[in-house]
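Make the full structure from the sequences, and use the hints.
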Amino acid sequence: MRLTLGEVARISGANLVGGVAATAVTRISVDSRRAGPGDLFVALPGEFADGHAFVEAALRAGAAAAMVTRPVEGRGAALGPVLVVEDPLAALRALGAWVRDVADPIVAGITGSTGKTSTKDLLASVAGVKFRTLAAERSHNNELGVPLTLLSLREDTEVLVCELGARAPGQIRDLCAYVRPQIGVVTNVGVTHYEQFGSVDAIVAAKSELVASLPEGGVAVLNADDPAVAGMAGVTAAEVLTYGLAGGAAPAARVWLRGEGIEVDAFGRPSFRLVRGHEHRNVALGISGRHQVANALAAAAAGLALGMSLDEVSLGLERAKSSPWRMEVTERGGVVVVNDAYNANPTSVAAALGTCAEMVPPGGRLVAVLGYMAELGDLERLEHERAGALAAQSVQRLVVVGERAAPMANGARLAGLGDVVVVL
10 MRLTLGEVAR
20 ISGANLVGGV
30 AATAVTRISV
40 DSRRAGPGDL
50 FVALPGEFAD
60 GHAFVEAALR
70 AGAAAAMVTR
80 PVEGRGAALG
90 PVLVVEDPLA
100 ALRALGAWVR
110 DVADPIVAGI
120 TGSTGKTSTK
130 DLLASVAGVK
140 FRTLAAERSH
150 NNELGVPLTL
160 LSLREDTEVL
170 VCELGARAPG
180 QIRDLCAYVR
190 PQIGVVTNVG
200 VTHYEQFGSV
210 DAIVAAKSEL
220 VASLPEGGVA
230 VLNADDPAVA
240 GMAGVTAAEV
250 LTYGLAGGAA
260 PAARVWLRGE
270 GIEVDAFGRP
280 SFRLVRGHEH
290 RNVALGISGR
300 HQVANALAAA
310 AAGLALGMSL
320 DEVSLGLERA
330 KSSPWRMEVT
340 ERGGVVVVND
350 AYNANPTSVA
360 AALGTCAEMV
370 PPGGRLVAVL
380 GYMAELGDLE
390 RLEHERAGAL
400 AAQSVQRLVV
410 VGERAAPMAN
420 GARLAGLGDV
430 VVVL
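All you need for the working numbering is the position in the sequence shown, starting with 1, plus 9.
Worth double-checking, as some hints may not be accurate.
Here are the simulated distance ranges between beta carbons [stated by the list, open to error]:
| id | residue 1 | residue 2 | range |
| --- | --- | --- | --- |
| 1 | Thr13 | Asp40 | 46 to 56 Å |
| 2 | Gly270 | Gly207 | 38 to 48 Å |
| 3 | Gly179 | Asp274 | 36 to 46 Å |
| 4 | Phe57 | Asp320 | 44 to 54 Å |
Bear in mind the hints are in silico, worked out from the structure with no lab data behind them. Even glycine gets a Cβ: it sits at the ideal position worked out from N, Cα and C.
Okay, structure coming up:
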C-alpha cells in the first residue's frame, strides 16, 4: 500500500530528518541487497550484522528513505532522508496494523507445529479462485515477518492468509492483537519448538492463543484427528469447523469435513474424496505427499468458511503449488529427487520420507534432500539421528543440508545407508 514519508512518521512515531513529507513509499525492505526506488529501508539489528551498516547502500540503490535508531554517519547521511525511531520492530508493527485496518481484508491465520506453510499455500490457492488474495511469503510468521506481510496489502485485497508462529508464550496472542484474524486454523501439535516451551502442554497452550483470539462471528478450523487441537474448541467464542481423515482418530460424527479414499501416484501426489455431509468432490493435488491431504482439508474448511462452494474449493486445491524446498519432486533419467530441506521438523520429515517410500521408481534411484530441524532443544541430536535412520529405509541416496543436521547423516549410515552426502 502506498504511503508517504509523512504518514510513515506519523503512524510509527518516527522523527523525519531531511527529505519531503510527501515523498511516496511503495515498499518496505529489510534487505539492502533488494532495496530499490521507492523503498523504505529499515535498518534492523541482526545476529551477524547491523542494518545501519547498509543504509548507504540502500539509499544509493534508490531507496526513498531509511528507518534507523541512531544518526547515520559518513556519506550515507547526505544521501537521503531518515526516519529515526526507538524500536524499528515496534514501528513496523504500528505500520502493519494501520495498513491492515485501512485495507480491511478477511484475515485467515494459520498455526500448528507442522503444516503451516503448506496449508497457507493451499488456502491462498483456494481463496484466489474467488477473491483477491494475498499470502505471506515463505514462512513469514514472526514479529518481523507478519508486519512485513501486512505492509504488502493493497487497498483491494479481499483475503489475507497469514502464518502465525510462536517461540514463546503469548507471542501468537500478541500477533493476533494487530493482525485480527476472523478465521483461525490449527493444524496439529508436536515437538517442534520444544526447546522454547519445554513441554507439549505449553506448546498446546501457545497454539490455542489463535482460536482464543478469534471474535464472535469468527470461525475456528480445527484438526479433529489431533486430540490436543480438537480440545481447543473449548477456548474460543468462534464457530468451530472440524476436519479429519476417514479412519482417523476422531469419530466420523465429530468431523464436519473429511477426506476419504486416498491414493498416491508415482510422484507422490495424492488424490482423495472431499466429503461434507452428503456432498463430495474428487480432488487430485498437484503437490506431493500423502500428508498433504490433511493440510488440504484444513484449507478447504477455511475456504468453505469464506463462503466458497465445494467446486470452487476443489479447483483451488488442484491448482495449488508448494513453496520452494517443500516436497519438491523432480525426475530425470530414472532418478527421482525429493527436496524437503526448508524449515523442517520431525513430523514433516517423517511425512516426506513416507512419501518417498511410495515413490521408488522401478530400476531407478530415489534421492532425498533434507535439512536441519530447528528448536528441538535436548531432543535435537536424537531426532536428527531418527530421521536419518528412517531415510535409510526408503532412499538410495541422502543429501543432508547444514552442519547442524549432520547427526541425520550419522543415523542413516548406522542404519546401513552407504550413499550419504553432507552439504555444509
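Tested hints:
One distance hint, 46 to 56 Å for the beta-carbon pair Thr13 and Asp40, is violated here, with the actual separation near 23 Å. At roughly 40 Å, the beta-carbon separation of Gly270 and Gly207 lies within the given 38 to 48 Å, and the hint holds. Checking the proposed 36 to 46 Å range against Gly179 and Asp274 shows it holds: the Cβ atoms sit about 43 Å from each other. Checked against the hint of 44 to 54 Å, the C-beta distance between Phe57 and Asp320 comes to roughly 49 Å, which is consistent with it.
When each numbered hint is compared with the structure, a violation occurs for hint 1 only.
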